[in-house]
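Please model the complete structure; the sequences and the hints are all you need to start from.
There are 2 protein chains.
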Amino acid sequence: MKNFSFSRRDLLVGAGKLAAGAAVLSLGAGGAAREAWGYGYSSDFKYAKLDLDEVGQIAYENYFKRWCTSTVLAGLVEPLRKKVGGSWKDFPIDAYRWGHGGLAGWGALCGTLPGAGIVIGLVTRDTDTAEAMVNDLAFYYSYTELPSYTPKKILKAEIHQMTIAKTPVCHISVGRWMASEGVGFLTPERAERCARLSANIAMEAARMLNEWVEGKYKPRHRPLFNLVENGITSQNNCIDCHGQNVPAPPEEYQVLDK
Amino acid sequence: MKNFSFSRRDLLVGAGKLAAGAAVLSLGAGGAAREAWGYGYSSDFKYAKLDLDEVGQIAYENYFKRWCTSTVLAGLVEPLRKKVGGSWKDFPIDAYRWGHGGLAGWGALCGTLPGAGIVIGLVTRDTDTAEAMVNDLAFYYSYTELPSYTPKKILKAEIHQMTIAKTPVCHISVGRWMASEGVGFLTPERAERCARLSANIAMEAARMLNEWVEGKYKPRHRPLFNLVENGITSQNNCIDCHGQNVPAPPEEYQVLDK
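For the protein sequence lines, the chains are A and B, in the order given.
Letter 215 of the first sequence, counting from 1, is numbered 214 in numbering that gives the first Met the number 0, and no numbers are missing.
Letter 4 of the second sequence, counting from 1, is numbered 3 in numbering that gives the first Met the number 0, and no numbers are missing.
Quick caveat, the hints were computed from the structure, so don't treat them as lab data.
Hints may be right or wrong, so weigh each one.
Each pair may be met inside one copy or between any two copies, as identical chains are not told apart.
Calculated pairs, BS3-like style, for lysine-lysine (alpha carbon to alpha carbon, straight line, at most 30 Å) [unchecked claim]:
# : residue 1 : residue 2
1 : 88        : 48
2 : 48        : 215
3 : 88        : 165
4 : 215       : 152
5 : 215       : 64
6 : 152       : 81
Please read all numbers here as calculations on a predicted model, not as lab measurements.
Structure below.
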């Protein structure tokens, strides 16, 4: 077996953009060398600063018919159609509806996140930037009390609880909220919660993109932070699922504490 | 609290397409009535029957630079560019790279699945069909021994194990395989596994789309099966994570066994 170890010092964000992630990958991520890290690509989709309240309102209203992925897309794409036009005009918002409920109801990745990611990827034209922004959004989703969005006019139900998901996984995120609020999944309350959450995520994506389009976006979190810290694609709350038995990587993969 | 109960008989697939899912939703899915279930949308993206070996080969080769989401997209989009052209010519495959590793390395939804879903959604122009196909793909991903793809020429490493994921969640899926093979994440073996898995998923998506374009696609699984059976967006192996303490929905939501 190959020996593969690197020190935490190697992972400090150093000179150059996203050096930590690049360091990880150049040190032997399955032989994927530095050139596999980030690169640009062309895209016809433009961005202009959006009004966050408008984004949130459109997302909230759309949820009950379109569900999370197409709803976050609507919140971003419909204003972009008006402000920027171009390729957004033909963008088929409903072609992504299968993302709902963690992928066709499988409870995996909350559909709000790929919805936002799709717009982020299309406008930033750089894998480093898109990666950093989606990573920041996943941290926001996982560690903010949500839903915090307050609609001007409630469309479905009164709800009371906000929860911290600690995960981008739909099943765990919605389950935690359902237990807190005391309702089942197929209820108006749960639908209301997901509608407001969709508004929150669409608004946070727009907030970052608004910074980015003015050249002011700086990643809040290190890209690939979880992978590097935990030795596997992961969340950051291992004990919540694994209890005392958190699997350890095999010997050949070690992060040395020096 | 509202009482909300329905019998399993209501959920049998009856006359009409996807009646089970429609029955669930019309019976009170948070007030989302039948019209919220399925509808069509327009899209400029066309499909033509693809050669599965070509799809698999292109996906496998692309993985090491593009990672799972953009890789499955490449396996489908590059042949479609040649065969069909049109809107595929400008399709920015790399704009979706953030989907890798379960969303920017968070280990949530395996990036192969939204990669396939994006093409499925764009060509089928009907939310019912896209939903059913993505659901079938999630069942295939979760319950097939993978990766079964055998490259003509191995690009990264010899690997030996195939595993059944029982989940579309990257962390669990790759972790199970890593434990079986005895390797860490940042190894050539794990990269080889994800490259072959990407080929498998791209090929399965193409297989279904090939049936669909000839009018022969029939869903193998009931859409929203998991949600209906388990009372929450979910996988189907509750005990694996919850052990003896599978949370029960509150009283107001019951599936009656009659």
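**OP:** Please work out whether the CA atoms of residue 88 and residue 48 approach to 30 Å or closer within one copy, between two copies, in both situations, or in neither?
**Re:** both (17 Å within a copy, 28 Å between copies)
**OP:** Evaluate residue 88 and residue 165 at a C-alpha cut-off of 30 Å and name the case that applies: within, between, both or neither.
**Re:** neither (36 Å within a copy, 39 Å between copies)
Subject >> Homomeric proximity label, residue 152 with residue 81: Cα distance no greater than 30 Å >> reply: within (24 Å within a copy, 50 Å between copies)
Subject >> Homo-oligomer pair classification [residue 64, residue 215; C-alpha up to 30 Å] >> reply: Answer is between; shortest inter-copy Cα gap is 29 Å, intra-copy 35 Å.
**OP:** Check residue 48 against residue 215 for me: Cα-Cα at most 30 Å, and say if that holds within a copy, between copies, both or neither.
**Re:** This pair counts as within: shortest intra-copy Cα distance 12 Å, inter-copy 45 Å.
Original post:
When no copy is specified for residue 215 and residue 152, does a C-alpha distance of 30 Å or less occur within a copy, between copies, both, or neither?
Top reply: neither (33 Å within a copy, 46 Å between copies)
When each numbered hint is compared with the structure, violations occur for hints 3 and 4.
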